[in-house]
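Build out the structure end to end from the sequences listed, making use of the hints.
Those protein sequence lines, which keep their order, are chains A and B.
Under our numbering, residues 1 to 168 are what the first sequence spells out, in order.
Under our numbering, residues 1 to 304 are what the second sequence spells out, in order.
Honestly, the hints are just simulated from the structure, not real lab data.
Keep in mind that the hints are not guaranteed to be accurate.
Said to hold, decoys possible - Dumping the calculated BS3-like pairs for lysine-lysine here, alpha-carbon to alpha-carbon at most 27 Å: (1) A:Lys-78 to B:Lys-184; (2) A:Lys-164 to B:Lys-206; (3) B:Lys-184 to A:Lys-165; (4) A:Lys-151 to B:Lys-184; (5) B:Lys-286 to A:Lys-151; (6) B:Lys-132 to A:Lys-165; (7) A:Lys-78 to B:Lys-174; (8) B:Lys-273 to B:Lys-206; (9) B:Lys-174 to B:Lys-227; (10) A:Lys-91 to B:Lys-174; (11) B:Lys-72 to B:Lys-85; (12) B:Lys-269 to A:Lys-78; (13) B:Lys-174 to A:Lys-165; (14) A:Lys-133 to A:Lys-78; (15) B:Lys-288 to B:Lys-269; (16) A:Lys-164 to B:Lys-85; (17) B:Lys-72 to A:Lys-164; (18) A:Lys-78 to B:Lys-112; (19) B:Lys-38 to B:Lys-72; (20) B:Lys-72 to A:Lys-165; (21) A:Lys-151 to B:Lys-174; (22) A:Lys-155 to B:Lys-174; (23) B:Lys-232 to A:Lys-165; (24) B:Lys-112 to A:Lys-165; (25) B:Lys-174 to A:Lys-104; (26) B:Lys-132 to B:Lys-174; (27) B:Lys-83 to B:Lys-52; (28) B:Lys-132 to A:Lys-151; (29) A:Lys-91 to B:Lys-184; (30) A:Lys-155 to B:Lys-184; (31) B:Lys-132 to A:Lys-164; (32) A:Lys-104 to A:Lys-155; (33) A:Lys-151 to B:Lys-232; (34) A:Lys-155 to B:Lys-132; (35) B:Lys-132 to B:Lys-38; (36) B:Lys-72 to A:Lys-155; (37) A:Lys-164 to B:Lys-174; (38) A:Lys-164 to B:Lys-232.
As the structure is a computational prediction, the values presented were derived from the model and not from experiment.
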Amino acid sequence: MKYITIMAICTLIISCGSKNQVAFFPTSEVTYLDYTGDILSVRVLGYGVDESTAIQDAQIRAIETLFFRGIPNSNIAKPLIGYNENELKRKHSYYFRDFFTNKKFLSFISETIFIGGQNQKVIATKINKKELKQGLVNAQVVAIDLLINVKPLRKNLEQQSVIKKFGF
Amino acid sequence: MKTKILIIAFMAIITPKLLGQDTIEQIQPTIMVMPFTKSGQNALDLFENDFKWQSIIARVNNAFQERGFRPKDLQETINQVKKTKAISSLKNANFNVEEAIYMEARTDIIVKAFINIFSEDGINNSVQVSLKAIETSSRMSLYDLPTATSPPFKTTDYGYLVDRILTEENRIEKFIDGLNEAFKQIVDLGKAITIEIMVTEDSLFKLDDEIGEDADFISELITDWVKQNANKNQYRIKQDSENILSFDEVRIPLRTESGNNYSINDFAKSISKAIAKICSQKEGIKAKRRRASVSEGTIRIILP
Chain A
1 MKYITIMAIC
11 TLIISCGSKN
21 QVAFFPTSEV
31 TYLDYTGDIL
41 SVRVLGYGVD
51 ESTAIQDAQI
61 RAIETLFFRG
71 IPNSNIAKPL
81 IGYNENELKR
91 KHSYYFRDFF
101 TNKKFLSFIS
111 ETIFIGGQNQ
121 KVIATKINKK
131 ELKQGLVNAQ
141 VVAIDLLINV
151 KPLRKNLEQQ
161 SVIKKFGF
Chain B
1 MKTKILIIAF
11 MAIITPKLLG
21 QDTIEQIQPT
31 IMVMPFTKSG
41 QNALDLFEND
51 FKWQSIIARV
61 NNAFQERGFR
71 PKDLQETINQ
81 VKKTKAISSL
91 KNANFNVEEA
101 IYMEARTDII
111 VKAFINIFSE
121 DGINNSVQVS
131 LKAIETSSRM
141 SLYDLPTATS
151 PPFKTTDYGY
161 LVDRILTEEN
171 RIEKFIDGLN
181 EAFKQIVDLG
191 KAITIEIMVT
201 EDSLFKLDDE
211 IGEDADFISE
221 LITDWVKQNA
231 NKNQYRIKQD
241 SENILSFDEV
251 RIPLRTESGN
261 NYSINDFAKS
271 ISKAIAKICS
281 QKEGIKAKRR
291 RASVSEGTIR
301 IILP
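So, in structure tokens, the structure goes:
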């Protein structure tokens, strides 16, 4: 449990940019737009210290929602991998390290359309050497439309044995 | 040093076993897509003679193929039935065509594609499609895709309309995912089969013959055996009389403990041996083992 907490915090720090030592809450503000053919289209909010980190945060949030929670009100409402996020991430740690840290997830995104962004004060976890503290921080919040190429993503997960192929 | 030697020895024992397991591929279920109409028309006849029906089935087959799975071909199965029954057309066949196809294909899962073509104004056409995956052995529904209707179009390209229904909002992917989810349950719970043990005029034993000091009926001892050997004790008795003992659901594992594939035929072999052994416990009579017949997920055995 301790290991999972440390990993989660580390991931959040990395995804948000380590300079400011702020961890934004892992929300799933992902709205389904369309899923026809191979492309899943979603609108998603991302948080960061600047626009670029906020966009990447949005991309990761969308993919993680698809992986571990499913996209509500769509025909892909069940998670692509499974509900037990922490256990699955631990089990396939090598895959996820490559996928997120080495930004392999970008190869499954067909298009990122910037919808808008603004500076807002949001509640986040401030991290310093001594403690973790929740409070209001200045953040760049962006909304993007993301087109995810689901078919090759699923094939990749199958090939890497993260999910099983169709059948027994 | 001693610990290192122990670890190496342990790895030497365990590694070939693990590697061995990886080399055994799991036998996959066989699937075939069958057309059905809601109007009562003979869908197989329509499939054989109308290209639009073939394109509809091809579209569903294609969804499985896209996932790297090869369903059985309906047309090939129909051709085989015709060859076996020595007929040139399914029209006016004097046997149950649907059953003959099931018998020929011997699939684990039948995907029933219900298709309804209609026009509200006589100009524009709509198509309704619903899919239902049935486990052949238990007749249980594994996954249903509810009826979806295409918007009315001034076209007779029904294959296009079906394609639109299935790909819009990716309904077909939802169906494949739902079916795959059901497979996970089968892997966990075991494959459902049915068993029928019957007494005929040739049988020396009866199901209510008493065995041993406890005066157990043969049927009770057989039930105990099924209970012990069904995967996770998953079994259900359908009928228990003096002439027939039947189970409408017995779950068998897909693999043995050592990782080898396990089939209904393996289970049939074991149960026929067990029945002969149980009957032989009756004093003075030696029971001869009867061969079990296996068809469409059902084991049938005549009591010795």
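Each hint tested on the structure:
{"no.": "1", "hint": "A:Lys-78 to B:Lys-184", "verdict": "14 Å, holds"}
{"no.": "2", "hint": "A:Lys-164 to B:Lys-206", "verdict": "47 Å, violated"}
{"no.": "3", "hint": "B:Lys-184 to A:Lys-165", "verdict": "11 Å, holds"}
{"no.": "4", "hint": "A:Lys-151 to B:Lys-184", "verdict": "20 Å, holds"}
{"no.": "5", "hint": "B:Lys-286 to A:Lys-151", "verdict": "61 Å, violated"}
{"no.": "6", "hint": "B:Lys-132 to A:Lys-165", "verdict": "21 Å, holds"}
{"no.": "7", "hint": "A:Lys-78 to B:Lys-174", "verdict": "9 Å, holds"}
{"no.": "8", "hint": "B:Lys-273 to B:Lys-206", "verdict": "17 Å, holds"}
{"no.": "9", "hint": "B:Lys-174 to B:Lys-227", "verdict": "36 Å, violated"}
{"no.": "10", "hint": "A:Lys-91 to B:Lys-174", "verdict": "26 Å, holds"}
{"no.": "11", "hint": "B:Lys-72 to B:Lys-85", "verdict": "20 Å, holds"}
{"no.": "12", "hint": "B:Lys-269 to A:Lys-78", "verdict": "40 Å, violated"}
{"no.": "13", "hint": "B:Lys-174 to A:Lys-165", "verdict": "15 Å, holds"}
{"no.": "14", "hint": "A:Lys-133 to A:Lys-78", "verdict": "34 Å, violated"}
{"no.": "15", "hint": "B:Lys-288 to B:Lys-269", "verdict": "14 Å, holds"}
{"no.": "16", "hint": "A:Lys-164 to B:Lys-85", "verdict": "40 Å, violated"}
{"no.": "17", "hint": "B:Lys-72 to A:Lys-164", "verdict": "21 Å, holds"}
{"no.": "18", "hint": "A:Lys-78 to B:Lys-112", "verdict": "24 Å, holds"}
{"no.": "19", "hint": "B:Lys-38 to B:Lys-72", "verdict": "24 Å, holds"}
{"no.": "20", "hint": "B:Lys-72 to A:Lys-165", "verdict": "18 Å, holds"}
{"no.": "21", "hint": "A:Lys-151 to B:Lys-174", "verdict": "13 Å, holds"}
{"no.": "22", "hint": "A:Lys-155 to B:Lys-174", "verdict": "16 Å, holds"}
{"no.": "23", "hint": "B:Lys-232 to A:Lys-165", "verdict": "25 Å, holds"}
{"no.": "24", "hint": "B:Lys-112 to A:Lys-165", "verdict": "22 Å, holds"}
{"no.": "25", "hint": "B:Lys-174 to A:Lys-104", "verdict": "26 Å, holds"}
{"no.": "26", "hint": "B:Lys-132 to B:Lys-174", "verdict": "12 Å, holds"}
{"no.": "27", "hint": "B:Lys-83 to B:Lys-52", "verdict": "25 Å, holds"}
{"no.": "28", "hint": "B:Lys-132 to A:Lys-151", "verdict": "23 Å, holds"}
{"no.": "29", "hint": "A:Lys-91 to B:Lys-184", "verdict": "18 Å, holds"}
{"no.": "30", "hint": "A:Lys-155 to B:Lys-184", "verdict": "18 Å, holds"}
{"no.": "31", "hint": "B:Lys-132 to A:Lys-164", "verdict": "22 Å, holds"}
{"no.": "32", "hint": "A:Lys-104 to A:Lys-155", "verdict": "14 Å, holds"}
{"no.": "33", "hint": "A:Lys-151 to B:Lys-232", "verdict": "36 Å, violated"}
{"no.": "34", "hint": "A:Lys-155 to B:Lys-132", "verdict": "25 Å, holds"}
{"no.": "35", "hint": "B:Lys-132 to B:Lys-38", "verdict": "13 Å, holds"}
{"no.": "36", "hint": "B:Lys-72 to A:Lys-155", "verdict": "23 Å, holds"}
{"no.": "37", "hint": "A:Lys-164 to B:Lys-174", "verdict": "16 Å, holds"}
{"no.": "38", "hint": "A:Lys-164 to B:Lys-232", "verdict": "23 Å, holds"}
The structure shown violates the earlier hints numbered 2, 5, 9, 12, 14, 16 and 33.
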